[in-house]
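Construct the complete structure from the given sequences, taking the supplied hints into account.
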Amino acid sequence: MAASSPTMSSPTEVSAGRREQGRPWLWFLLPFLVPFVLFYVVPIGYAIYQSLFRIQRSGGIFGTSEQVFAGLSQYRDVLADATFRAGVGRVLLFGVIQVPVMLGLALVIALILDSAVARLRKFFRVSFFVPYGIPGVIAALMWAFLYSPQLSPIVDLLNAIGTAPNFLGSGLILWSMANVTTWTYTGYNMLIIYSALQALPQEIYEAGRLDGAGGFRTAWSIKIPLVFPALVLTTVFSIIGTLQLFTEPVVFQAISTNVPSGYTPNMQAYAVAASNNYSFSAALSVVLAVATFVLSFGFLRFTQRRGEAL
Amino acid sequence: MFPAPQTRPRRRWVSILAVAPLMLAAACGSGGSSDGAASASGAASSSGEACAPAGGKVALQFWTWVPGMDEVVAKWNAANPDIQVTVKNTPSGNAGTYQNMFNALKAGTAPDLGQIEYDTLASFRLQKGLRDISGCPGVADAKSDFVGWAWTQSQIGGPGVYAIPQDTGPMALYYRKDIFDANGIAVPTTWEEYAAAGAKLKAKGIFLTHFPQQDANWFDGLLWQAGAKIFDTTGDSVKVSLTDPQAVKVADYWQKMIDDKVVATNLQGFSPDLYKAWNDGKVATWISASWGYSTIRDNAKGSAGKWAVAPMPQWNAGEKKAGNWGGSTTGVFSGSKYPAEAAKFALWLNSDPAALELANAKGGLYPANVAGLELPVLKKGVEFYGGQPVFDVFKEAASNVDTTFQWGPIMTDTNRFLSDGFTKALNGQGTLGESLKAAQTQTVAALKSQGIAVTE
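For the record, the sequence lines run as chains A and B. Take the working numbering: the final residue in the first sequence is number 310, and no numbers are missing along the way. Take the working numbering: the final residue in the second sequence is number 766, and no numbers are missing along the way.
Treat the hints with care, since some could be wrong.
[As the list claims (entries may be wrong)] Straight-line Cα separation of at most 20 angstroms, SDA-like style, residue types lysine to any residue; simulated pairs:
1) K734/B / R85/A
2) K734/B / G171/A
3) K734/B / A86/A
Hints in this document: simulated from the structure, not taken from any laboratory.
As structure tokens, then:
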């Protein structure tokens, strides 16, 4: 998956004198490089290779089949595929709403925890983070029960007060999923922003106070601009996660009648692979990966340029 | 008894957990696992291939998801020291096992035998995954031992035989006798009466049944009963006729039920929500297969004694046609070195009375073997159904299933397309008739993308 491995090797910093004694740094890199190549580079390369073929059959329905080179025709089919386009549109809509809401929440919680008034800081920090530790499938199952019109105590309660919304209906289900994702990842993103806040030198705040900045003013004019890189990072991670939306819709399929098989591009790629059309599935995956790459790096470039302009 | 596992979505919640690791793999982008479909392992199986026992000591591998199958196989192993079978328990076919089988076939590491549902047999043959065992000792003579349509489907339209039928799912009407009696509704014998019963129940705030969005193979069973011919694979090209007039008739009938709000549209099949609705008497019937008796029994415990079983409603009064939903076969994979021994085992497994009895007791299998339908346990009254000998109904249904119905070569796809269409129909964004049309177009396109010639 696209979330980068934490290995940060920088061989360029090895001094020239050391380099002559062989390449000891290579040995430190190997534990990262070997699995990276085996389980990341090779499968991606293979998926790209596979996406360039199509199946040809001779001798009737159950005759002999072979893979023939088809150039980019699978990609043409992917881009023309109505299900794929609808799926991409759906995850984009999801991301445009869910990512800002989640990161906004994460930022607010991080700022509150960082401010001096917060009590029980450690307790809250851990408890906001706990949902991230729950496996995605379990979290989705749990929420599915809470949304279920027949079984949910929350729905019962809402029905007692007025009329409960149909959480699993065609209108709301996407946002019910967004809620699960938000619940799961807000704490995680909060922790990244919080760490960035903690790393800021205290003198800046003192300077701000001397200039007469209150709590809100400090947060708005000092803290947020300074943790901007952390916000960019969490946004990129969130964009990647959004485009790969899979677990929540698949789990919700078991309890709602509103999740078709190509609900998200990832689900479509999975379903197509399950029916032995690996080339089309590979093309779907590659297009999805490229879209993720373009969006994430586009966002990075956009924010960097904006940073320079300021 | 365990709930019978042979049919697709029985324990969907459990299977979600089972595929959780797959989700992770899928999220990493597809790819890594398969070689060209062309290089399927093993020799191409042409019809009537020679098949002689290898002799000596033989070890076979068998993948299945029927609970308790290891105990059945232990019986065989005790009696056949020269043919030792090892069972591997897998998740159900569509919960990842089929994909594992396909991948193993490509990698040349497939087992000798595997459990395959009828509607998926053609997909395996398409990938050259199945050995034609018609030439193996005993296979040709076994034809009359099995329920007619089950044997025909194991032949996948051709002269060869690609699997031995294991169990079937003849369909009938499960209904809440208490609710029907209390409202003075007679057991419906035609679809017209069934709809009329629905209208009466609606007035009481009770749904006649649910329309399951994911269970396209349930809908296939309804089409089967109506005599729809949705596929023909006997020629050199596949004939796809999902918009066959009989199919459209079924679709229009259920669309009207949806429009009239007689059936529940927000209850997924095999979901905890549905079970609660059964328990609470909010949903009064289920058109389902023989194995469904344990689904209701195990999941709607509070409604014990209130259910009964009647034959499926008919399109024309006086007819006795039944559909079928689910059931599996035991197939011999193309890479097996010992097809004769594997076929011998598969025949025993699905014909020996002691084996069938144990498979029924442990795995709830409803035999595809004609003699198996006479098992003592299938003659007894079933307590949950008020002591009704429900299997009498299914036995009759089994003999009234159209033997000429054929599956398409990519039913996983076709059913997926149907389910996608159902989503729209259940939300008022389309109709079931449109679902058939969309599934037709999409199936044709998917067949072509697999290099298969199509006639419409």
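Here's how the hints hold up against the structure:
1. K734/B / R85/A: 17 angstroms, holds
2. K734/B / G171/A: With a Cα-Cα distance of about 12 angstroms, the restraint between K734/B and G171/A holds, given a limit of 20 angstroms.
3. K734/B / A86/A: 14 angstroms, holds
The structure agrees with every numbered hint stated previously.
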